[in-house]
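Peer 1: For reference, the chains in residue letters:
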Amino acid sequence: MSRLSQAFEKARAEGRSALVIYLCAGDPSLELTPELVVAAAEAGADIIELGVPFSDPTADGLAIQRASERALARGTTLAGVLGAVRKIREKTDVPLVQFGYYNPILRYGEERLAKDAAAAGVDGLLVVDLPPEEAASLREPAIRAGLDFVPLVAPTSDDRRLALASEAATSFVYSVSMTGVTGSAGVDLADAGRRSVELSQKLGRPIALGFGIKTPEDVRAVAGKADGIVVGSAIVDTIASAPSPAEAVANVRSLVAALAAATKG
Amino acid sequence: MTPTENPPGRFGPYGGRYVAETLMPALDELTAAYEAISRDEAFRRELDDLLEHYVGRPTPLYFAKNLSAEVGGRIWLKREDLCHTGAHKVNNTVGQVLLAKRMGKTRIIAETGAGQHGVATATACALLGLACEVYMGAEDVRRQAPNVARMKLLGAKVHAVTSGSATLKDAMNEAMRDWVTNVRNTYYCVGSVAGPHPYPTVVRDFQAVIGREAKAQILARTGKLPDAAVACVGGGSNAMGLFHEFVPHTEVKLFGVEAAGEGVETGRHAAPLNAGTVGVLHGSKSYLLQDDDGQIIEAHSVSAGLDYPGVGPEHAYLKDIGRATYGLVTDAQALGGFQQLCRTEGIIPALESSHAIAYLPEVVEQVGRDADIVVCLSGRGDKDLDNAREWLEKHGGSR
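First to last, the protein sequences are chains A and B.
Counting from 1, one number per residue, gives the positions in the first sequence under my numbering.
Counting from 1, one number per residue, gives the positions in the second sequence under my numbering.
Any given hint could turn out to be false.
Incomplete in silico selection of chain A near chain B, CB under 8 angstroms [what the hints assert, rightly or not]:
| # | residue |
| --- | --- |
| 1 | 108 |
| 2 | 133 |
| 3 | 137 |
| 4 | 152 |
| 5 | 154 |
Derived CB-CB ranges, DEER-like [stated by the list, open to error]:
| # | chain 1 | residue 1 | chain 2 | residue 2 | range |
| --- | --- | --- | --- | --- | --- |
| 6 | A | 160 | B | 65 | 56 to 64 angstroms |
| 7 | B | 32 | A | 198 | 21 to 29 angstroms |
| 8 | B | 249 | A | 160 | 34 to 42 angstroms |
| 9 | A | 186 | B | 129 | 23 to 31 angstroms |
| 10 | B | 54 | A | 191 | 38 to 46 angstroms |
If you are wondering where the hints come from, they were derived from the structure by calculation, not from laboratory data.
Note that the coordinates shown come from a computational prediction; the quantities given were computed from them, not determined experimentally.
Don't be surprised by glycine CBs; every beta carbon is placed ideally from N, CA and C.
Generate the whole structure from the sequences, applying the supplied hints.
Peer 2: In structure tokens form, the structure reads like this:
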């Protein structure tokens with residue numbers, strides 16, 4: 001069983017949802033990224049989604065857009081992110097999902113990326129603008145390299161598309177909580193929680209619920225319903241608001257601890 | 001290989017659907033609705049009626065005698081500048097907004113660079129009674145104030161986009177974010193032959209009226225097909241509109257003209273087909289301007305309508321199979337073409353269309369001085385007068 005699937009199993013055995021934490025690699029700097037990941041893992045994150053910044057992040061709200069712009073302004077590249085992953089792997093075996101957009105991967109080379117990511121210590125790939133129909137050229141080399149492939153489902157996905165996602169998945173499926181971009185306000189969490197339970201049964205895969213989940217209260221509202229709960233923009237915001245790198249690490253540590261405490265519902 | 005052998009949504013390796021899962025069902029819905037109206041006689045009649053009586057079609061095919069005398073060949077101008085709103089953009093927006101209404105959508109969104117597609121979308125929405133919101137880069141809002149005023153007069157809400165480089169690509173990003181949020185009641189009216197399937201096909205088909213008319217008109221006037229068809233290419237909708245009818249007639253040479261900006265060698269240009277690489281942006285695979293890490297590079301052109309780092313996937317395909325060739329015209333050359341058409345024919349072209357005019361000597365060199373050459377005059381230049389004057393003052397007047 002892959003490290004990602006094991007993380008869901010472990011959380012389930014402990015009677016809670018798995019906590020998935022998104023960080024934008026390179027924000028505020030690629031040097032600090034491994035420290036932030038380690039802090040999040042130590043504070044209770046079960047899985048880290050490491051965002052690879054892209055110039056045109058059409059599925060992201062303002063928080064992650066700005067984080068991506070800052071990371072790119074500091075010269076963050078996909079190769080650099082994989083370098084940070086190697087540093088992370090010297091310190092922690094927390095499961096890592098490389099999260100981002102297709103074009104930087106296409107440019108890097110799909111086969112090459114699959115091999116290099118696996119060698120660096122990435123566990124899975126999630127590409128927001130690569131639906132199952134277009135995914136074969138990346139998914140196949142990724143699986144050969146031992147990576148999990150993580151498809152997305154949305155509130156607009158019909159049964160046919162849910163089945164496509166289920167077939168494409170090798171571990172968990174990412175469920176978008178509402179029609180919108182990351183960091184949106186006003187998500188109907190009661191409804192998203194009910195839907196997660198249904199999806200988990202229908203797809204036979206663990207469901208990680210993300211988009212618009214920000215506070216421990218939000219996490220508590222869907223805990224025990226979604227197999228995994230993703231918090232991203234709130235993490236990015238707490239890093240951005242820190243006046244120093246040390247305080248960014250401390251902020252992440254305390255926010256993740258509070259979120260982790262809420263995963264039992 | 002001919003385009004008919006391609007699977008739906010693909011032009012060779014180009015095109016496709018690279019979008020968030022949330023939008024995939026909407027693209028399926030649009031594909032089905034588009035196929036339905038394509039077989040629907042009543043829709044066709046309603047659209048044709050609007051194109052004739054509202055847009056002002058057919059537009060003339062004008063033999064430009066004085067220009068021909070200067071550049072050689074027999075130059076025929078397809079006068080899309082005479083369409084209502086002053087450019088070819090309205091052919092597409094009337095079609096798409098009519099389609100959106102059939103689909104029961106209540107709200108239309110669009111992106112715009114120079115503002116021409118925004119104005120054309122706002123116009124179609126005013127006509128057909130749908131709410132309209134237009135995304136425009138903050139930088140373009142500043143540079144294109146008259147078109148912002150037009151959109152507002154027509155009842156559209158204009159959003160100034162400040163993210164990224166605050167130009168057309170960022171406006172398109174923001175429109176996609178709106179769409180992903182409001183996908184259930186909102187129709188995204190894409191302005192060029194770009195975006196995820198089926199948009200490159202839908203927009204091409206609504207613009208194909210340009211080439212259909214031009215073919216019938218030149219046959220009526222000369223008794224034969226033209227030797228060449230020429231159009232500027234940003235995203236590439238006026239060019240695909242002109243080319244589509246001629247693609248199967250391989251004796252008609254097709255020339256697209258990209259904006260070389262300050263010169264391709266300076267890196268400040270908008271010429272992905274000439275100087276870009278293959279990648280994925282805004283939902284489809286095509287040539288684009290990107291760095292070694294796959295980050296999108298800003299485009300540069302004096303013409304805001306060509307100032308886009310990508311290009312429609314069908315152009316990428318026509319380039320690869322050698323059916324069309326894509327040339328380059330710099331800002332300076334385009335301004336030369338702009339002045340030349342004003343001076344010789346009394347027609348003020350858009351700076352976009354001026355690229356096609358400026359490329360004509362090269363076309364004549366390739367097809368000969370006896371050739372009949374159809375040029376898409378995609379828009380009129382009133383919108384560009386301030387820009388053109390500023391540019392000419394800064395760079396020392398006429399060439």
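Peer 1: Hint by hint, work out which the structure violates, then give me just those numbers in ascending order.
Peer 2: Of the numbered hints given earlier, the structure breaks just one, which is hint 3.
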